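Colleague: Sequence order for the protein chains is A and B.
178 is the number that full-length UniProt numbering gives to position 178 of the first sequence; each next residue is one higher, with no gaps.
138 is the number that full-length UniProt numbering gives to position 138 of the second sequence; each next residue is one higher, with no gaps.
In short, the hints are calculated from the structure, not lab data.
Be careful, since some hints might not be right.
[As the list claims (entries may be wrong)] Computed list of lysine-lysine pairs in BS3-like fashion (alpha-carbon distance at most 30 Å, straight line): (1) B:Lys415 - A:Lys289; (2) B:Lys460 - B:Lys329; (3) B:Lys71 - A:Lys289; (4) B:Lys260 - B:Lys460; (5) B:Lys166 - B:Lys249.
None of these values were measured; they are calculated from a predicted model.
Chain by chain, the residues:
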Amino acid sequence: MGSREGPCWGWGCCAPGPVLLLSLLWAAPSALLGEETRQVSLEVVSDWGGPPENLLHIRAVGTNSTLHYVWGTVGPPAVLLVATDTPHSVLSVNWSLLLSSEPYGGLTVLPKDSIQFSSALVFTRLFEFDGTNASDTAAQPPGRPYPPYSLAEFSWSNVSGSVDPATLSATFQGHPTGDPTGAFANGSLAFRVQAFPRSGRPAQPPRLLHTADTCQLEVALSGASPRGNRSLFGLEVATLGPGPACPSLQGQHSIDDEYAPAVFQLDQLLWGSLPSGFVQWRPVAFSQKQGGRESALPCRASPPYPTLAYLLSQSPIVRAFFGSQNNFCAFNLTFGTPTGPGYWDQHYLSWSALLGVGAPPVDALSPLVLGIMVVALGAPALLLLAGGLFLLLGPKGYSEYQRIN
Amino acid sequence: MEEEDDETRALLANGRTETSRDAPAIPRALPALCDPSRLAHRLLVLLLMCFLGFGSYFCYDNPAALQTQVKQDMHVNTTKFMLLYAWYSWPNVVLCFLGGFLIDRVFGIRWGTIIFSCFVCIGQVVFALGGIVNAFWLMEFGRFVFGIGGESLAVAQNTYAVSWFKGKELNLVFGLQLSMARIGSTVNMNLMGWLYSKVEASLGSAGHTTLGITLMIGGITCILSLICALALAYLDQRAERILHKEQGKTGEVIKLTDVKDFSLPLWLIFFICVFYYVAVFPFIGLGKVFFTEKFGFSSQEASAINSVVYVISAPMSPIFGLLVDKTGKNVIWVLCAVVTTLASHILLAFTLWNPWIAMCLLGISYSLLACALWPMVAFVVPEHQLGTAYGFMQSIQNLGLAVISIIAGMILDTKGYLFLEVFFIACVSLSLLAVVLLYFVNRARGGNLNYSARQREEIKLSHAE
Numbered sequence: 001m002g003s004r005e006g007p008c009w010g011w012g013c014c015a016p017g018p019v020l021l022l023s024l025l026w027a028a029p030s031a032l033l034g035e036e037t038r039q040v041s042l043e044v045v046s047d048w049g050g051p052p053e054n055l056l057h058i059r060a061v062g063t064n065s066t067l068h069y070v071w072g073t074v075g076p077p078a079v080l081l082v083a084t085d086t087p088h089s090v091l092s093v094n095w096s097l098l099l100s101s102e103p104y105g106g107l108t109v110l111p112k113d114s115i116q117f118s119s120a121l122v123f124t125r126l127f128e129f130d131g132t133n134a135s136d137t138a139a140q141p142p143g144r145p146y147p148p149y150s151l152a153e154f155s156w157s158n159v160s161g162s163v164d165p166a167t168l169s170a171t172f173q174g175h176p177t178g179d180p181t182g183a184f185a186n187g188s189l190a191f192r193v194q195a196f197p198r199s200g201r202p203a204q205p206p207r208l209l210h211t212a213d214t215c216q217l218e219v220a221l222s223g224a225s226p227r228g229n230r231s232l233f234g235l236e237v238a239t240l241g242p243g244p245a246c247p248s249l250q251g252q253h254s255i256d257d258e259y260a261p262a263v264f265q266l267d268q269l270l271w272g273s274l275p276s277g278f279v280q281w282r283p284v285a286f287s288q289k290q291g292g293r294e295s296a297l298p299c300r301a302s303p304p305y306p307t308l309a310y311l312l313s314q315s316p317i318v319r320a321f322f323g324s325q326n327n328f329c330a331f332n333l334t335f336g337t338p339t340g341p342g343y344w345d346q347h348y349l350s351w352s353a354l355l356g357v358g359a360p361p362v363d364a365l366s367p368l369v370l371g372i373m374v375v376a377l378g379a380p381a382l383l384l385l386a387g388g389l390f391l392l393l394g395p396k397g398y399s400e401y402q403r404i405n
Numbered sequence: 001m002e003e004e005d006d007e008t009r010a011l012l013a014n015g016r017t018e019t020s021r022d023a024p025a026i027p028r029a030l031p032a033l034c035d036p037s038r039l040a041h042r043l044l045v046l047l048l049m050c051f052l053g054f055g056s057y058f059c060y061d062n063p064a065a066l067q068t069q070v071k072q073d074m075h076v077n078t079t080k081f082m083l084l085y086a087w088y089s090w091p092n093v094v095l096c097f098l099g100g101f102l103i104d105r106v107f108g109i110r111w112g113t114i115i116f117s118c119f120v121c122i123g124q125v126v127f128a129l130g131g132i133v134n135a136f137w138l139m140e141f142g143r144f145v146f147g148i149g150g151e152s153l154a155v156a157q158n159t160y161a162v163s164w165f166k167g168k169e170l171n172l173v174f175g176l177q178l179s180m181a182r183i184g185s186t187v188n189m190n191l192m193g194w195l196y197s198k199v200e201a202s203l204g205s206a207g208h209t210t211l212g213i214t215l216m217i218g219g220i221t222c223i224l225s226l227i228c229a230l231a232l233a234y235l236d237q238r239a240e241r242i243l244h245k246e247q248g249k250t251g252e253v254i255k256l257t258d259v260k261d262f263s264l265p266l267w268l269i270f271f272i273c274v275f276y277y278v279a280v281f282p283f284i285g286l287g288k289v290f291f292t293e294k295f296g297f298s299s300q301e302a303s304a305i306n307s308v309v310y311v312i313s314a315p316m317s318p319i320f321g322l323l324v325d326k327t328g329k330n331v332i333w334v335l336c337a338v339v340t341t342l343a344s345h346i347l348l349a350f351t352l353w354n355p356w357i358a359m360c361l362l363g364i365s366y367s368l369l370a371c372a373l374w375p376m377v378a379f380v381v382p383e384h385q386l387g388t389a390y391g392f393m394q395s396i397q398n399l400g401l402a403v404i405s406i407i408a409g410m411i412l413d414t415k416g417y418l419f420l421e422v423f424f425i426a427c428v429s430l431s432l433l434a435v436v437l438l439y440f441v442n443r444a445r446g447g448n449l450n451y452s453a454r455q456r457e458e459i460k461l462s463h464a465e
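Same shape as in the complex, but just chain A (with noise of 0.2 Å):
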């Protein structure tokens, strides 16, 4: 079962400073898959013979291993991340296969043993709840839910139109294809990925610390009515590992909130022992496209619980590369509270996470805040240093003008 650390206040129990610090200026990534840089390339892979579906495949590639992340709207909203240890590994798409009832051997990675990891996170659903009258912002669910929205029965806007070579960038955007209310007539879901040819940090907040080996997916529900005045969104995600157990879920906390701000606290999803599968993510959601801190949310995420397939929207692209017989486990992401920023501001609410493998990126102090806080303790103690020095060495002419006087 996956765990989240709990927050302890008191003595003792939480991590000591010093640690802490020591810990985040020695912070490169030591992972076995680790690279610097990669070689990153966005492919639209398209069945010729049949419907335009969007399966979108980045490829980036180092000195010695192979990222490969699928992301599809066949089926559900879908992401494959397979790593391997070989800088030629190739994605192999079987269309009649993926699209068929029995996908399994739709999607390969060859060749097959150079696979050192591979996950998949599918999007299952879109909850809605009535937060008017909830009083306990902490309760789960946030209030009365609303019949969800199966992003399985979403249609999907082509995918091709949106990529964006120079930002190593794609959108999916869909809605759902029956609207009998009409709340999607001015509003969609996107799904916003980027890829990442070295680390860096984006402009936009959350501010996330990408590396090469990292893949970023802005989630953004905009423009749909809401059921309620103070409706809630949340996401539905299913996970899958290469073992039966959950993935674990940890809240780091931190002191550093210099690029985000208010917001101490990381959460990530690890795969089993490092280096393994990761998603990031801060526990902050958007109202507005800004992102200020104004519009800033808190998101909060529920442990992954082993969950059975049949529940869960199928996915072809992950049956088609794990098989049926799958061990899924499942996790529920809340935007906001009643109270406080929400949807209903603008209409507008977004999320970002990391994808990647090896270890999470751990943010380090700015070397600004170093900088300020080497000269705002060194200053004084150099002048004591000087001045202490300075009276040492010139008490005779003092004690002389004492005398005289």
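Put chain B on the given structure of chain A with help from the hints.
Modeller: The following block gives chain B in isolation, referenced to the frame of chain A:
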């Protein structure tokens, strides 16, 4: 010598009572509570004096106590939120020079107190109205009006204290007034959040109306203070009639041209003062969310820890006052206080240790600094310039608070609490730099700032000879 003089001049000295025996229209046997020459009556006056300041101290930190609510209900970011504090400070940049003058020459203590209390009341009401009609600029204007009254009221309060208790229990009275101020701040921090939730429950929803009504209820404390001001004016006048007591004066003489005569140590003291206080008050103004977000405190816990600086300073101020009086060595005490504050900010910024440790340290060092720093001014300034020096010190302190409040809000919005704490550490470090410099300058010039109490005593004796 001087003290004895005070004793004889003391307006309510026992000797006077004898002479006032034949004062017109006063029956001989007044009950103790109504007889201005009796202790019981003075205690009544003391009670009124303490509650005179309660309202303004209670309402000063209303924004800090309701930080999240103000930001949510008025849809403002932290930068704009901190303007509520800045607008309080702006008028006081000027009024610190004028307060004493207005009380002495224009209004007189009684009318002065009433007028300043009215400003405080009106300011708070306008502040609350701004919430009710959902106009943030009106809230800012309210804080500006409130600021006009707030600081000058404190001067008036001190003047009353001197007028009634000089040569008697004056230090105790000052101590009690200060404690009462801290109690006002503490009660505010811990009460307003609860009050807001009650108003929210009865109105059925949160929003700017809830905020406005909560602030309006908070304004009752200002009405209470105004009533105290009226009662004090009446009692003071009555005492004047019965005891032929003069109206109290601040005795402050402000000559701005004196500024050019200020010595380097005095400027260093100003510098220490500004950069120390800007790292304390704006931090408390922004602290509540820091404790909920970084340390996972509940709203009530965060309020409690955010007010602990005031809670500690209430009992510790008199104790540290005594300590500094008995030992002297003011510069060393200031150094200790600044270093401790620096340590406390470092703990808050770079560790996840229980913040009660850091906040208690901050509370202790804040109390110690106040007791050691402010009296130093009297050592480096001739007595006739004392009023100007203190006025100037308060003025630039308010200027610093206004500017740094705005900067702190901006930093928080863009760079977060860690960077804000680093900024405060830098401020305290500047203050520390000035203390170290003050120590050396004082030593090099053979100044009297760091004398022990015994040295001061000897100098006093040698002067007397």
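Colleague: Are the hints correct? Go through all of them and say.
Modeller: Results of checking the hints against the structure:
A distance of roughly 18 Å separates the Cα atoms of B:Lys415 and A:Lys289; the hinted pair therefore holds under the 30 Å criterion. A C-alpha spacing of about 16 Å is found between B:Lys460 and B:Lys329, which places the hinted pair at or below 30 Å, so the restraint holds. Taken as a hint, the B:Lys71 and A:Lys289 pair is honoured in the structure, with Cα atoms around 19 Å apart against an allowance of 30 Å. About 28 Å separates the Cα atoms of B:Lys260 and B:Lys460, which keeps this hinted pair within 30 Å; it holds.
Distance hint between B:Lys166 and B:Lys249 is fulfilled; the C-alpha atoms sit about 12 Å from each other, no more than 30 Å.
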